[in-house]
Amino acid sequence: MAEHAVLRIRDVSKQFPGVKALSHVSMEVEKGEVRALMGENGAGKSTLIKILTGIYQFEEGEIEFDGKRVHPKSAIEMQRLGVSTIYQEINLIPYLSVAENIYIGKEPIKHGRIDWEQVKKGAEEALRDLGISIDVTQKINQLSTALQQMAAIARALQTDAKLFIMDEATSSLDKRETQRLFDVIRNLKERGIAVIFVSHRMDELFQICDSVTILKDGELAGTYKMAEINHHTLVSKMIGRDAAEIIGQRKQYRTDWEQKPVMCEVKNIRKKTRLNGVNLKIRQGEIVGLAGLLGSGRTELAKIIFGEDTAYEGEVLIDGEKVHLPSVRKSIERGIVYCPEDRKTEGVFLGMSVEDNLTISVLRSLLRGGFVQTKKKKAIVEEYIQKINIKTPSGSTAVRSLSGGNQQKVILARWLAGKPRLIILDEPTRGIDVGAKAEIEKLIQQLAREGISVLYISSEIEELVRGCDRIAVLREGSVFGELFGEEITSDNLLHMIAGEDTAKTGGE
Amino acid sequence: MKKKWSGKNFFAKNGSWIALLLLALISTILNGKNFLSVSNLLNLVRQVSMLGLAAIGVNFIIIAGCKDLSVGGIAAVCSMMAAFLSPYGTAAAVAGGILTALLLGALNGFLVAVLKILPFIATLGTMIAYNGIALLIHDGKSLAISENSAGFAFLGRGLILNIPFPILVFAAAAGTAVFVAEHTRYGRAVYAIGGNEESAVMMGIQVARTKMLLYIFSGLLAGFGGIMMASRLNAGIPFTGTGWDMYTIAAVVMGGTLIRGGEGKISGAAAGILIWGVIQNMINMMGDVSTYWQQIIMGFILLSAVIIQNIAERRREVISEG
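First to last, the sequence lines map onto chains A and P. Under this note's numbering, the first residue of the first sequence carries the number 557, and numbering increases by one thereafter. Under this note's numbering, the first residue of the second sequence carries the number 2, and numbering increases by one thereafter.
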């Protein structure tokens, strides 16, 4: 065994009620090594990370950190030992200043009180190292997500850690910011500090990591040198071959919807500063992609069609009829449903069971004499758990304990249970692993074949290209252009999103 | 370094002090020198000092995103305990009262921090139980302070440089609290927990320990308030602290602390308490006005404070969205 390993994990297992989250996982990380940790949601990645950060306790096996056996019981214990973590969900305190967020819990003390001068100076320096210069006295919740993420990174870097864990630390960063972070990682590497790097973006892994450990279904699927493995093998190790094929596949263009009536049409929609004159038609059974950079008005348009936002000018027509006094309730009655971008705050009731989440919008149809018919409810729940393959121990499990992909499926199932005619999906695959992504994409195709119209909002070019019959590109609040059939390629779409005048590429 | 001075910001941050000044102005117009005299002002502050002491603890607890409904109960038990132990001398009475406060606060802390019971429920339970204990000690009746504890009277009625002792305690506690809240790791940890408890855990803040200490502090402050009440009235009274549970929250909210936690100022709560005092004082002076008006007026002032907070909050959201 190598003398210079900073972390050794041997045969570690972790059990949750009803699920074995990790089973006999072993890995070693050397000083100065950047190790990718890969796996689908539910593969045990987060569990392993939470064990390493001291939030979960493991039952079997042993962990050696920096030459000592450890069995951490709290986050602070691991931090003291020298593990510093940047989490996927940005963990900051919204009402405190940027500087305080970087220092809280470890503020420098001078003459018995916090040395605020030092806090401010230190925070400014830490951010400057990441290429950011902002007013550190402003509250953190006034920053963009990317800047918040950078602040979280600055906080983690502020410690003398021997191991950094970066769990999807780049998920909200743009290319330039990501490169900054990579420079920092290279610098850590030179100083002999190890990094465990988690990201869904494959290219990043090949760019920055030395090696990769792959988990599948709570078990170790292997550890490889990055140089020895390619893209395709990596994905198939992670998700198995079938799913890998679906992702690689380009969809067959259907034409059956072309003759179908227009289900929903928006005419000249305007909303101050956000939308200026959007026109769009969605036919029955058609999948219309809505592309555009963040802030191009995609979500705003979706909320108007759904009736959530009523302060606009222009017309929304459903089945050729103008919608007067729009409201969410009316939209749902007409069969229009909306799966929001931020599922945790707008989509699911985290504390409620799968069952209740799934049936909440159709409860009325389950009533008899004012009471919910439990049998009927259970039947519906079973049907959808099967139909769209929600991985849950049972219908009464709280949604909170499902993986992101399965939470998203619960939302989809909820709307499907109401037999919708138009589904608006806003970033349906954000933060979801490849396997669940493939399943959700497949489901969307199936829905369209059944005659349901889909408005598909996504920042992921490939996803739109794979799945849509037509793509409308929004720029600065209006439809800049549309792509049909054979025109739908990544290149065309990229050009259209970016426009000729800017060099920007990519979704965000 | 210094933020630019903006009028709007100034009013938003110091709303409770401005309200206090306005009320004082009204009282001066209505009552003239009777209100502005040194003796009246000292009297006014002294009357709310005990409640104010409890409010300081409650303020910290609310900033941490928790609740403490049991401060009145703790004050009552401590008032009775002090009287009960007064035959054994002043030291016994005071020490016994403080020790009781510590225990009752620690029990709250244990329920919330260790057993992780929702603070509202946990302290609702202890509030009811503590009030029961206060009644049990002398069968629901008041208990006079024994003549063996001659020095005990100083706590509620003593003067240092002509300033009543309870005011000094309140001022010292408020000053310390402001320092702790703004310049110590412990204080900032309280804000962090109230801002986002999950993040605080991940950031390595010792949430359970912080909360445990919060409830112990709150218990001590409320308990000492109760002991001073017993001294002031020369008797332990089982109904000491009646209404403190809600009045403290009202003062804290009027002071600008958000009930959901994470934001707030200790100095604001002090202003909230003084508003309470001024209204009480005004009504007392007007003689023919029923004292029940005090509650009605306070209720409406509280509501206006919350409505103003909401408007300010909404405006801030709009700004940060745009």
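Keep in mind the hints are simulated off the structure, nothing from the lab. All residues carry an ideal CB built from backbone N, CA and C; glycine is no exception. Watch out, some of these pointers could steer you wrong.
Here are a few chain P residues that face chain A, going by a calculated C-beta distance under 10 Å [to be verified]:
| hint | residue |
| --- | --- |
| 1 | ASP140 |
| 2 | LYS142 |
| 3 | LEU144 |
| 4 | ALA145 |
| 5 | PHE180 |
| 6 | THR185 |
Verification of the hints:
Checking P/ASP140 against chain A by beta carbon gives a least distance of about 46 Å; that is not within 10 Å, so the hint is violated. The interface hint given for P/LYS142 is broken, as the beta carbon of that residue sits about 47 Å from the closest beta carbon of chain A, more than 10 Å. Checking P/LEU144 against chain A by beta carbon gives a least distance of about 42 Å; that is not within 10 Å, so the hint is violated. Checking P/ALA145 against chain A by beta carbon gives a least distance of about 43 Å; that is not within 10 Å, so the hint is violated.
Look at P/PHE180: its Cβ gets to within about 7 Å of chain A, closer than 10 Å, so that hint holds up. At a threshold of 10 Å, the smallest CB-CB gap from P/THR185 to chain A is about 7 Å, leaving the interface hint in force.
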